[in-house]
Structures are given as structure tokens and as C-alpha cells.
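There are 2 protein chains.
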Amino acid sequence: MNKMSKASQELDPISDMSIAQSSRRDFFRKAVVYSASAVAATSVLSPVKLNATDDPAIVEEAPWGVKLGEPITKNYYGMPSPYEHNNIRRGTPILASGDIYASITMCPIHEQEGIITPNGLFFNRCHGGVAEVDPNEYRLMIHGLVEKPLVLTLDELKRYPSESRIHFIECPANGGPEWRGPQFNKIQFTKGMMSQAEWTGVSLKVLLADVGVKPEAKWMLAEGSDNSEMGRTVPIEKVFDDAMVVWAQNGEALRPEQGYPVRLLLPGWEGNLQIKWLKRLEFSKEPFYAKEETAKYTVLTPSGKAIQHFYPLEVNSIITSPCPEKPWTDLKKGDLVEIQGLAWSGQGTIKAVDISFDGGKNWVEASLKGLVLPKAWTRFSYMYRYEGKPLLLSSRAVDDSGHIQPTIDQEIEAVGIEAVYHRNAICTWEVTKKGEVNNVHIRKS
Amino acid sequence: MNKMSKASQELDPISDMSIAQSSRRDFFRKAVVYSASAVAATSVLSPVKLNATDDPAIVEEAPWGVKLGEPITKNYYGMPSPYEHNNIRRGTPILASGDIYASITMCPIHEQEGIITPNGLFFNRCHGGVAEVDPNEYRLMIHGLVEKPLVLTLDELKRYPSESRIHFIECPANGGPEWRGPQFNKIQFTKGMMSQAEWTGVSLKVLLADVGVKPEAKWMLAEGSDNSEMGRTVPIEKVFDDAMVVWAQNGEALRPEQGYPVRLLLPGWEGNLQIKWLKRLEFSKEPFYAKEETAKYTVLTPSGKAIQHFYPLEVNSIITSPCPEKPWTDLKKGDLVEIQGLAWSGQGTIKAVDISFDGGKNWVEASLKGLVLPKAWTRFSYMYRYEGKPLLLSSRAVDDSGHIQPTIDQEIEAVGIEAVYHRNAICTWEVTKKGEVNNVHIRKS
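In order, the protein sequence lines correspond to chains A and B. The first sequence maps to residues 8 to 452 in our numbering. The second sequence maps to residues 8 to 452 in our numbering.
It should be emphasised that the hints constitute simulated quantities derived from the structure, not laboratory data. Because the structure is a prediction, the values reported are computed rather than measured. Accuracy of the hints is not assured; some may be wrong.
Heads up, the list lumps identical chains together, so a pair's fine if it works in one copy or across two of them.
For lysine to any residue, the following SDA-like pairs were computed, each having C-alpha atoms within a straight-line distance of at most 25 Å [as the list claims (entries may be wrong)]:
(1) K339 to H92
(2) K221 to T308
(3) K396 to R166
(4) K368 to E185
(5) K339 to E139
(6) K165 to P331
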């Protein structure tokens, strides 16, 4: 066991990652299933302990069993156990440009269980620090090409009929540094720019019925009230498909770093489009080409042309166990172990995930488990009998829009290595003979 | 608008509530749906603000827009906005017996959005304070009528294939003080002894395959390692139906007050059975009649006999908006407003919820919205045109096991007023002409 200490937090330095970075209608309200999970029919543990009389942790009374615990009066809101102090968001100096206000902290997805990220671990990207908004002074303005411009207080906004949906949010730069080869030997830094929550708010379809968007309006500018005035333009089709204005995350108010009190939610689309501390929505005939959608968040292709409007995130997956932070160094030959991971797509619902043990030559089908929802993290699982030999472990997801993850070669051929954003190539972990796990790139060329 | 201050927390005193409180096989893995929600076709707001040039919050720059926000380096784990300081768990002196170690803090379900309760707001009941368990010293023992007794470390336990499921946990004393008439004019105190989370752990079916439970075993004792040695006995049918041993809650380790590092999960059954800081599972032919299942958690009926083994929680519902903490005093005649609430059943999946405006004489069907899952909170909704007249607002849920919520009269006739536990009678809010909301009991007798 990796000894867990109750020591005060030992944090990685955090710093800025200067991330410069086809809408398919897929309505949310369709049948979803809890899929069948991989359940081992055979023994997981080898050997089973028959009598543990030599284990003081069993034969002696635990210290916490012989004294009263803390009264819950000390715990009105609460925090995780101090032993969990390493399960935190992290930045990395490698991604730093020295600006702590425009930075990113990544989600410890190797510690993530299920498909809900607790609010304290949800990844965070800011462009001008975390705005501290007074909800009493908060206003949302809706204007431009509309019949009736509208200004709403927070209370007025919350009077609209609400909806709650589970969706991931991912930065399009997730894995971006990997375009030029393996950069990090940590899953938290290669794939931690994403998290998932249950969001509650009002569908823009419903809200905009009170405003009357004019037929000539083709684009919507969403602008934040924070210091960076973060702004992005959204095509009208997405606005009337499944866009929402949300005020709650996992049952409570949005956290300050997630845009308290109100953010835009565009299920399955780039995280930076989902404007936080939302100030206004303006409708127009043309895109706005805001600051953050010209210099940043475009993709230069080998042809010399850039992809400028690049919104939905592609089908993707990553094995979260094992991973560099969760190696198999404690396993013995013959042990049964669960290979687990997350798959997601901004273009639909995950249909299947395959796993390869030889870096993509041969594939076996993993089980999807738990809730399988559109534009949402879906957990996959494969029970494996550990053989103590080196492996090249890869996962490859398919969604119901017909997309499949490309190889690294395929993706580079399509968009080159200047892409930075939207990396969804198949990821591979090298498992060494000792069970250590490393981030490697499998390429033919 | 109710002005929200950033003041330091003004807390209610907290104290002990000396809460003293037919398994139907309903496997979890079946199709679930996101149900259709109530969407208003007509305008929610009256009147719409056409030009808000007199509103300084719109025409002047917000203070948080003209300075840099806090860098996220200050926010490794994070907390809600300081303006949300009143959205906390609360106890009440009315339920106090002076013992702060055996107490309960209730969930602010009127502030709850969606169906996931954030871990910091999950209701909490302890019998000997919050045990602070060292995960390195943690052991789970499985013994008694089994082929191979087993002692597991936390790492060993987590090697089993995991599952994640969304379920509520409710104290059987939820609403218990109400048996003798309305006691609290707050929903947090009448129905706040429940919350819901996504739980991750191993199914007992899977874990016990390694132990081999003997055919003569009919009961399982679950015992906590906390100071109170909280123990309860579980019928073997439930053990092999959907019982789990869980280590995570909404994606992170269980919070200390929820039993870190491991608790028992018995979907839909009394909260006190779902033993926290779980130490051992012992199998036997007979029930154990542990301390907390003789004096407490039994129900005396009018016949003089007590219901001793009383496990699944009955179909239930409550309107969370409006409620005493969320009145309609700001509404104007003609305003469209959403009536919302939560329905749940420990015996199946919510099938329908009806709403009455006249205290149960006439009923209309509400919409279910969001995820509709077995043994889980299900949100219901009804769009209502406010008329400014007094109402008696009730909700009544039906589950797919064929159960329906009883009236107060029906429930008292069945189990008397000494019952304390398992109260699932229809609840009613009185809405006054001014829009104030009060907890009232509708009875014929």
C-alpha cells in the first residue's frame, strides 16, 4: 500500500499554461441505460487471508474506536479526510508562462470514481483570475437581434423552469502538449483538463422564448463579466439545440471558479465556449471574432489554413487505472485486476470501447458500466489476469455518431502537429515488467 | 430579492435528536430514462424589462470586472462562494438531548438542485462523533458462517471490480417529530434527514464470492469501528440483491462523516443500516439484535406489538419549492412559477407524482424531470400560474412496486402516533394570500 499521510498538503507549484488552443443535433432526452458491468466470476485476491491473527490492525482495538469522534457541530460544510490531501487539482510549471491569473488546474482523474467530479476537484481554467461576483448585483442582459431585450436578476433567472443534466466539460487543449510527443508522465497533466458534473439551469430554448430571437440572427456572443471579458460566439443551431444557462453544479451553486453565479453550458463543446460569470448574450448576423477566438482556440492545419470554428469535442478515451500515478507495481503474477477508464464524446453517446494490450495491433471489447449518457463521461472496464509481462495498453472509443478515435499517425496526417487543440488520438500506457506505467506514443512513421 | 450577504456564517445551534426508527428484488441494471420536463410555452416573466438604463448593475462596470480575480493557486480544493454561507447543514435545538456526539445535521433540501447532493451538504447522523480513521490501519473482516474468513486492507478491497450507482440515503426518523402534529416550519427540519450521491464500491455479491457464504447463513451483522460500535443486522436476501461496500461518494473518497474510508450501502433501506467506518461483516443463522436495533429503530404499533425488522423506506415526496424557506411572497398575480419537489422510494422507481392545490381533494399530474432511477430521488415539476389566493399544496408519489403515499389519517390508523419512524404520509404546505408558506397537517379526524 502506498502509505497515506495526514501531513499538510505538499503541493505542486502551479502556474499558467498559456493555452492558445459540425454540430450534430443529438437531443438529450432519449433513453439511457445503466449498462452491464464486468463482474468477476473468479477470485480477485490471491491468496485469501484465512486467519489474520498476526495483524495488529485486526486483533487490537483501533484508536478511533476507543474515543469519541469530533462532534458534527465542527463540520457544517465539511472537507475530505486529511489523509486525502493529495487528491487535489494541480497545475504544472511546465505549462507555466508566469501568469497566475490566466492559468489552469487539472483534475486528478486517476483518483476519480464513477462519473461525477466533486466540485472541489473540478478542473479550472481562468483568463483573469476567479471573479468574485456579488449575486445581488448580478445581471444577465440578452440583446442584439431580439424582439424584446431583457435584463434579468439572478432571482428572475431562477424563476424559469429548470433542467438538470450530467455533462463533461473539457478544455480543447486537454492533451495539447502531447502533439509533439510525450510531455508528461502523469495522467493528471495529460488528460486532467476535464471533469463532469450534474448541471442545473434553464434551457436557452425556454429562456429565449421570452426574448424572441429574430430570424436573421445566426450567431450569439456570450461574454463574461470577469476582468478578462472572456467572450465566444456560438452558432444559433447550438443555441436552440441543447445550450443552457446554468447556476448550479452537483446540487449547489456554481463554485466561484466555475463562474458563480451563472455560466453558459454547451454540452460536448469546447470548455472555453462555456462562458463563466456570464454577463450578456448578444445575437447577430455574423460571428463576433472576439479576442479569444482569433489568437486562441483556432487550429492551424498543414495546408496553412486554420480551422476557426471548431466546437464539438471528438470521441475520446483514456485508461485511468493503471496509469503513471496508479502503477501495477504491487501486483503479483496471476492477480485479477480491473482495467478502467473514461470515454466521452461531444458528438453523441459512447457506444463501445476497445482495449489493446499490444499498442493497437489487436483489440478486445471492454464493458461499459454505470450510466451511459449523451455527451457524458462513460466508464469502461475490463477484468485482466496479470501476467507480469510488459504491455502496451491502449483504449479506443466509438460513439453513436459513427466516430472512432484515430491513431496518432492518422490525426497528425489530418491536422499536423501545430494543432494544439482537439487531440483525441488513441493514448497508450507502457506497462513495464515491474508494473511501472509510462506515457508513450505509438507511431508507424 | 432576498439580499445575500457575505457575512461570516450565522449558524443555528446544533444538538442531538435522540432518533430512536419486505425486501422486493428490484435489480438496478435496467433501462432508465431522462423523462420529459415541464417546459413553459408562455412567458415566465411579467413584465419583461425592455430598457434597463436605470439599473446601475447594468449600466456601470461591475467591481469584479475591473480588477484581477483571485489566482486559482489559492483554490486547490475550494469552497462555495462566501455569499452561499447559508446553504449549510443544520441541526436544531428542538431535537437536542444535549449529546453533541450522537447528533444529526440536516440537508438544506430547499437549496438542492438536481438530484446530486454535494458532499459538503450531505445530511449526517452519528452515534459517537465522527471517527477519524487512518486508511493505512483500516481493515475489513468478513467472518462467521463463511467458507474462508477474509481480512482486507483498503487497497485490497479496492482491487475488486467496482460499480457506481446513484441512490438516496434517508434516516427513517426523517419527519419523525411530525407524527404528533406540525413541529417545524422549515423543510430542512421536517424532511432534511436525507441526501443523494453517486456511490462507488464493490457489490457484496462479487466480494462474497471470494468468501463463500454458507447456505445456512440467513443474516449479516455489519459493525462500525467508531466509538459507538454501531451495528445492524441485514437479511441475506438484501445482501445478495443490491448491497454494496462503498469507498467513494460523488467521485471522491467518502467524507469522514459518511464513514471514511468504507461504509455499507443498502439502496433504499434505512440510513442507520448503512454502517459507516465499517469494521466487519459477520454471517449467522439468527439476527443479532444489536444495541441499535432493539431500543431504537423499531416501531410500536397500536396493537402493542413492535415492528422490529423494518427496512425499506416507503414511497415518499415533498414539494421543495415553494416551502417555508422559499415562499412566494415576491410573486405577483399572473406570474408563471414552477412548483418543484423530490419523490423517492426504497421499494422501486418513481412512476408518477400528483399535486393538489386544495389539500388533497383534487389532484393533477406533475412531470418527472431529469434522470428517473430506481431507489433514487426523482425530481417533479408543475408550471403554475400564480393567482394570489390561498392554497393547500400537497404532493403524492406512486412507485413501480405499486405503492402510493398514504394520507396522514391512513398512516396513523395503520401504525399509530408512537411510530416515530418511516413517516411517508402526504405533506402539505399552506400558501397564504401573501404567499407565505407554512407546514400544516390535513386530517379528517
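Discussion item. Tell me the numbers of any earlier hints that the structure contravenes, in ascending order.
Written reply: Hints 1, 2, 5 contradicted; others consistent.
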